[in-house]
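Produce the complete structure using the sequences and hints provided.
Okay, here's what each chain looks like letter by letter:
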Amino acid sequence: MSADVPEEPVTDLRAALEAILMVIDEPVPATMLAQVVERPVDDVERALWGLSEAYTADGRGFDLREVAGGWRYYTRDAYAGVVERFVRDGQEVKLTQAALETLAVVAYRQPVSRARASAVRGVNCDGVMRTLVLRGLVEEAGAEPETGAHLYRTTGYFLERLGLRDLDELPDLSPFLPDDLESLEETTGDQTRF
Amino acid sequence: MSADVPEEPVTDLRAALEAILMVIDEPVPATMLAQVVERPVDDVERALWGLSEAYTADGRGFDLREVAGGWRYYTRDAYAGVVERFVRDGQEVKLTQAALETLAVVAYRQPVSRARASAVRGVNCDGVMRTLVLRGLVEEAGAEPETGAHLYRTTGYFLERLGLRDLDELPDLSPFLPDDLESLEETTGDQTRF
Amino acid sequence: MFGLRLETVTDTASPDLPPTAAEPGAAGDSGAGSGGFEVHLDNFEGPFDLLLGLIAKHKLDITEVSLSRVTDEFIAYIKANGPAWDLDQTSHFLLVAATLLDLKAARLLPSAEVEDEEDLALLEARDLLFARLLQYKAYKEVASVFAGRLAEESRRFPRIVPMEPKFAELLPDVLLGIGPDQFARMAARVFTPREPPAVEVTHIHQPLANVREQAEILADRLRGLGRATFRVLVADCAGNYEVVARFLALLEMYRTAAVAFEQDAPLGELHVTWTGDDEAELDVGDDYDGGPAGETKEDDDT
Numbered sequence: 404m405s406a407d408v409p410e411e412p413v414t415d416l417r418a419a420l421e422a423i424l425m426v427i428d429e430p431v432p433a434t435m436l437a438q439v440v441e442r443p444v445d446d447v448e449r450a451l452w453g454l455s456e457a458y459t460a461d462g463r464g465f466d467l468r469e470v471a472g473g474w475r476y477y478t479r480d481a482y483a484g485v486v487e488r489f490v491r492d493g494q495e496v497k498l499t500q501a502a503l504e505t506l507a508v509v510a511y512r513q514p515v516s517r518a519r520a521s522a523v524r525g526v527n528c529d530g531v532m533r534t535l536v537l538r539g540l541v542e543e544a545g546a547e548p549e550t551g552a553h554l555y556r557t558t559g560y561f562l563e564r565l566g567l568r569d570l571d572e573l574p575d576l577s578p579f580l581p582d583d584l585e586s587l588e589e590t591t592g593d594q595t596r597f
Numbered sequence: 404m405s406a407d408v409p410e411e412p413v414t415d416l417r418a419a420l421e422a423i424l425m426v427i428d429e430p431v432p433a434t435m436l437a438q439v440v441e442r443p444v445d446d447v448e449r450a451l452w453g454l455s456e457a458y459t460a461d462g463r464g465f466d467l468r469e470v471a472g473g474w475r476y477y478t479r480d481a482y483a484g485v486v487e488r489f490v491r492d493g494q495e496v497k498l499t500q501a502a503l504e505t506l507a508v509v510a511y512r513q514p515v516s517r518a519r520a521s522a523v524r525g526v527n528c529d530g531v532m533r534t535l536v537l538r539g540l541v542e543e544a545g546a547e548p549e550t551g552a553h554l555y556r557t558t559g560y561f562l563e564r565l566g567l568r569d570l571d572e573l574p575d576l577s578p579f580l581p582d583d584l585e586s587l588e589e590t591t592g593d594q595t596r597f
Numbered sequence: 092m093f094g095l096r097l098e099t100v101t102d103t104a105s106p107d108l109p110p111t112a113a114e115p116g117a118a119g120d121s122g123a124g125s126g127g128f129e130v131h132l133d134n135f136e137g138p139f140d141l142l143l144g145l146i147a148k149h150k151l152d153i154t155e156v157s158l159s160r161v162t163d164e165f166i167a168y169i170k171a172n173g174p175a176w177d178l179d180q181t182s183h184f185l186l187v188a189a190t191l192l193d194l195k196a197a198r199l200l201p202s203a204e205v206e207d208e209e210d211l212a213l214l215e216a217r218d219l220l221f222a223r224l225l226q227y228k229a230y231k232e233v234a235s236v237f238a239g240r241l242a243e244e245s246r247r248f249p250r251i252v253p254m255e256p257k258f259a260e261l262l263p264d265v266l267l268g269i270g271p272d273q274f275a276r277m278a279a280r281v282f283t284p285r286e287p288p289a290v291e292v293t294h295i296h297q298p299l300a301n302v303r304e305q306a307e308i309l310a311d312r313l314r315g316l317g318r319a320t321f322r323v324l325v326a327d328c329a330g331n332y333e334v335v336a337r338f339l340a341l342l343e344m345y346r347t348a349a350v351a352f353e354q355d356a357p358l359g360e361l362h363v364t365w366t367g368d369d370e371a372e373l374d375v376g377d378d379y380d381g382g383p384a385g386e387t388k389e390d391d392d393t
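Protein chains in written order, with this note's numbering: chain G, 404 to 597; chain F, 404 to 597; chain P, 92 to 393.
Heads up, none of these hints are tricks.
Subject to a maximum C-alpha distance of 27 angstroms in a straight line, what follows is the list of computed DSS-like cross-link-like pairs (lysine-lysine):
| hint | chain 1 | residue 1 | chain 2 | residue 2 |
| --- | --- | --- | --- | --- |
| 1 | P | K228 | P | K195 |
| 2 | P | K231 | P | K148 |
| 3 | P | K150 | P | K231 |
| 4 | G | K497 | P | K231 |
| 5 | P | K150 | P | K195 |
| 6 | P | K195 | P | K148 |
| 7 | P | K257 | F | K497 |
| 8 | G | K497 | P | K228 |
| 9 | P | K228 | P | K150 |
No lab work stands behind these hints: they were computed from the structure. Computed from a predicted model, the values in this text were never measured in an experiment.
In structure tokens, the structure reads:
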């Protein structure tokens, strides 16, 4: 471990960031941190990544990560066993296959209507969508102009639960998809379902 | 700083303690920590002091201290200034719609659990409830006897912010409600969640 | 090309046709135990999931050949599960089944005999089915990536700890931005359910084609023509969905003896003859159209 590696010193900037991160209860963007410490965003981001890497290299029980557009402390997964006993909210219920698939469609197609999501899966997904909304993973995002159907999109909580910085970090879907999906889109749009 | 001091390695015990300390929201006695990590209290106390000293020696922005018989992370005094600035400027002053709605549920249903409030709103409101507590608008009020779930009620500060002297001054809801909502009350009460 | 479809239907006991089997009364004698091979595949998330499951079971790639090889199993699955399904589920499966049967039929036909227009329609239907199958497969794969990430992420806990009191005191005053009356109004809105709990799912998805309506159209036409081929009867259909609805309507009319079928060869042209009353109202149940089942039930199958 760090005993024989000359460790990068904890600079004043790093320490200031550590202090602030200790009082936040939701992810805080680097830009906001930069404002408070009055330093360029680049410096702040470099310091945050530096801290994060050092925590990992030192094998600390916590980890600093950028998730859902902001930085915050997390416990390291290796210690999930002992931490679980202290976490009040307890375990999340596992999502069903239906919920996972619908969530995937919403994630890549947002904003998307229930009808469209149902068409992709070949299964009505009204109930599943309600569950996803109730779980806070998906939220309403206005209505389709032509049909008035509710549209849905993923939430920041979705990013948090998946440990993603933003939607751009979603795994690329295109390798799995047929080439002519664009035209398919058009047809399904008209037909609503197959 | 630590660059030239051979640092003590982060042992597994230390890392486990770091992980736990990162999620607890009130000071935890060493005896309880010892139980969870299944190690003798002496070892645990030595590890806690070791961590605390290392954090100080490294000049980290946080500090591990034993206060009133329990251990907890604090921000280091040297960085109180920057943290204060962050707290004063960084946070949103205006409540979000989600927070206002949850506040309304608590105000008219107190004492109420997070699960119940989530059910009424149809959206998970755990995070929002924490914000309301943090903002001093809502406070814990014991636990539900059957489930052990925490209950919440509004605070004096809430009344102050709304310009009311006491809860009796909250306007009656009935003029705004559809006629048949009384029976509905009963059903949602039983169900708690969908 | 619907000849094969009818054959599949009539070769087995006709009341077991999935949509009819959706009637509560028909559940008992349904095809679950009707011999042949059984499909040990449970809980499929719709027709695409089932197709992928069957193809994977046979260790096949997604090709036209593999589609035709699993067609029978696909139909068997529908027959076995039909009674437990609602119309909405069934129709999704039926639409895919229709395409599968068409494809299989086309593979059996000497290719030269297929007329151009139909050929083209079939190719389109096939491509669409492939595209949707692949699309669904992509989302399914990504869903399993999601599951992995969720599981991994559930082992990491974010720090969500209330601020030390000395900092919490510094938080600026909260701005509610509304007065007591507005607050009460908002509370009332939150407590009022957005949609009455009793209504929900059934009418959200309106079938694009209504079987009873299609039956009216068919009856109208057959009263005039007396006799027509199925191909002629569906020539003006707007899409697959309507063709299927019209086919279901014909089966309903067959049940009430309003029409008779004739088919010279198993895959030959299907002729439909009007045998119903020229004046009386058409008796076609609305159990295909998502209404509450059980009102106009008549189990007097021919």
